[in-house]
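Asks: So the sequences go chain by chain: A and B.
Heads up, the first sequence is in the working numbering, so the first residue is 83 and it goes up one at a time.
Heads up, the second sequence is in the working numbering, so the first residue is 54 and it goes up one at a time.
Please keep in mind that the hints were generated in silico from the structure rather than gathered at the bench.
Among the hints, erroneous ones may be present.
[To be verified] Only pairs whose alpha carbons sit at most 35 Å apart, straight line, appear in this in silico DSBU-like list of lysine-lysine: (1) B:Lys96 <-> B:Lys202; (2) B:Lys338 <-> A:Lys181; (3) A:Lys113 <-> A:Lys181; (4) A:Lys181 <-> B:Lys96; (5) A:Lys106 <-> A:Lys181.
[To be verified] Some chain A residues judged to face chain B by a derived CB distance under 7 Å, without partners named: (6) Asp93; (7) Asp96; (8) Ser108; (9) Gln111.
[Claimed, not checked] A few chain A positions that, by computed beta-carbon distances, are all more than 10 Å from chain B: (10) Ile154; (11) Ser179; (12) Phe207.
All C-beta atoms, glycine included, are put in the ideal place defined by N, C-alpha and C.
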Amino acid sequence: MAQSEILLVEDDPDDEALTLRALKQSRIQAKVTVARDGVEALEYLHGKGLQDGSERVLCPQLVLLDLNIPRISGLEVLRRLRADERTRGMPVVVFTSSKEEQDLVTSYSLGVNSYIRKPVDFSEFAQAVNQLGLYWLQLNELPPHGPA
Amino acid sequence: MADRTPRTKPAKLPSWNSRTQLMFHRFLESAPDAMLITNEHGKILIANTNTERLFGYSHHELVGQSVEQLMPERYRRNHLGHRASYFAEPRVRAMGSALDLFGLRRDGTEFPIEISLSPLPTKEAMLISSAIRDVTERQRTKQALGHAKELAEAASRELEAFSYSVAHDLRAPLRSIAGFSQAVLDDYGAQLDEEGQSHLNRIRAAANRLAGLIDDLLALSRVSRSELRREPVDLTRLGREIAGRLQQGQGGRAIELNIAEGMLVRGDPRLLAIALENLIGNALKFTRNRQQTRIELGLTETPVSPQTFFVRDNGAGFDMAHAERLFGAFQRLHRVTEFEGSGIGLATVQRIIHRHGGRIWADAAVDRGATFYFTL
């Protein structure tokens with residue numbers, strides 16, 4: 083069976099380390115790819131840089147998207163993912179520090195699947211990551227040839 | 054045939070004797086504005102003292118002169134045309150509130166004015182009476198107001214941007230502090246003695262406290278930033294929802310909750326929810342050590358208003374001697390070790406109540422509970 087994959091879009095190395103640590107603690111079996119800005123995220127999801135050279139879209143089971151990333155913002159990445167029919171149905175969870183209403187409203191209007199505010203306390207953080215992993219990688223079902 | 058159409062009798066004008074002349078003269082002089090009577094050739098027939106004062110001319114420099122001398126040169130030619138059309142169709146006309154009109158003083162300086170005109174028919178000819186007002190002060194005030202509004206809007210935008218960056222940028226390092234202290238504890242805790250572990254726990258706890266503080270400050274700033282909506286709000290239902298939700302985190306304590314029926318107000322539902330959350334949350338917090346918790350949300354009459362709302366609890370209370378500190382930001386009346394909290398909650402509630410135009414005050418005694426009264 084193909085291994086589950088999570089695309090983590092995150093530029094803060096500490097948050098990246100903590101997220102990976104939390105995933106390891108939760109014993110969720112998943113390959114984690116990290117994109118450190120919006121451009122890298124889109125290029126990965128829309129197939130550039132695939133080894134076999136074909137334009138096939140890579141299909142992680144989950145995209146964890148921070149909003150505060152360089153080059154192209156998280157919200158813009160979300161907009162472009164939803165605008166492209168190859169990634170329109172891809173599970174995207176915004177995972178961010180912000181609880182600002184504007185960010186919430188815009189994310190949902192752009193079609194995000196879920197919006198999680200990163201807790202400061204690590205045990206809460208780990209619990210959130212654990213729940214995300216269990217829900218999206220184990221409980222959630224995706225069409226056999228990828229979403230969208 | 055005799056014409057039987059009823060005819061309205063013309064109003065009887067007072068006969069023009071010296072008494073009426075005096076009254077007329079005094080009347081003219083008492084007017085706060087410059088008052089003029091001109092004929093169809095623009096010649097000034099009568100001018101009051103205010104005209105002299107406003108324009109800087111003496112009486113004999115006004116009477117018999119052309120009214121055009123009182124306006125800047127660039128208006129004079131058009132004014133001839135205006136005069137002609139006015140006489141063709143004379144009516145009461147107020148001018149200047151939408152237009153930019155200027156008067157010209159004897160010394161050559163200009164000033165903004167408003168003019169109103171009224172036809173004055175006489176036996177000999179049609180005359181115009183006019184009142185002229187100096188609106189320099191009003192323009193200045195309007196400009197100052199516009200400027201102040203711009204400043205306020207700019208400040209508000211800056212605050213918005215600042216709050217937004219606080220939401221993002223301050224929490225991430227805190228998360229690192231909390232997370233990596235926890236990581237050290239988890240991975241190397243066995244190698245640390247009790248004190249070492251305690252240090253790390255303090256670091257974690259401090260980071261969490263700071264995060265809570267930031268959230269409270271953000272909420273406080275959001276209260277000031279957001280627009281106040283005025284809608285009908287069912288305070289009874291809101292109170293029940295909030296109390297129900299907060300009770301869930303209380304681990305099955307015995308809580309007696311009394312909420313008065315039918316409390317309908319006009320206000321911003323979101324802000325009122327935050328206020329009640331703070332007040333009821335506080336009530337739950339400070340009654341934690343009670344055998345039987347009693348919390349009440351109700352309506353009563355006080356000297357301040359016949360419609361005063363209150364939240365009452367039978368908890369730890371506080372010493373009224375410190376009451377002025379109650380609503381200050383970061384002011385706390387209890388030790389952190391007794392009752393946790395940032396001290397911002399009540400400052401937030403006060404700001405919300407004040408934005409609704411209401412008042413808030415408290416009454417309490419140590420160990421005898423507290424009551425918070427507010428009006429909207």
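Asks: Are the hints correct? Go through all of them and say.
Replies: Going through the hints against the structure:
1. Between B:Lys96 and B:Lys202 the CA atoms are separated by roughly 44 Å; this puts the pair beyond 35 Å, and the hint is violated.
2. Of the pairs offered as hints, the one joining B:Lys338 and A:Lys181 holds, with about 25 Å between alpha carbons and a cut-off of 35 Å not exceeded.
3. Restraint check: the Cα-Cα separation between A:Lys113 and A:Lys181 comes to about 28 Å, which is no more than 35 Å; the hinted pair holds.
4. Distance check on the hinted pair: A:Lys181 and B:Lys96 sit about 72 Å apart at the alpha-carbon level, beyond 35 Å; violated.
5. As the CA atoms of A:Lys106 and A:Lys181 are separated by approximately 26 Å, the hinted pair is consistent with the 35 Å bound.
6. About 10 Å separates the beta-carbon of A:Asp93 from the nearest beta-carbon of chain B, more than 7 Å, and the hint is not met.
7. Here the hint on A:Asp96 is kept, as its CB sits about 4 Å from the closest CB of chain B, short of 7 Å.
8. Below 7 Å, beta-carbon pairs count as interface contacts, and A:Ser108 has none with chain B, the closest being about 14 Å; its hint is therefore violated.
9. Given the 7 Å rule on beta carbons, the hint for A:Gln111 is violated: about 21 Å separates it from the nearest Cβ of chain B.
10. The Cβ of A:Ile154 sits about 16 Å from the closest Cβ of chain B, beyond the 10 Å cut-off, so the non-interface label holds.
11. The Cβ of A:Ser179 sits about 4 Å from the closest Cβ of chain B, inside the 10 Å cut-off, so the non-interface label is violated.
12. Distance check for A:Phe207 against chain B: the nearest CB is about 7 Å away, which does not clear 10 Å, and the non-interface claim fails.
Hint compliance for this structure: hints 1, 4, 6, 8, 9, 11, 12 are broken, all remaining hints hold.
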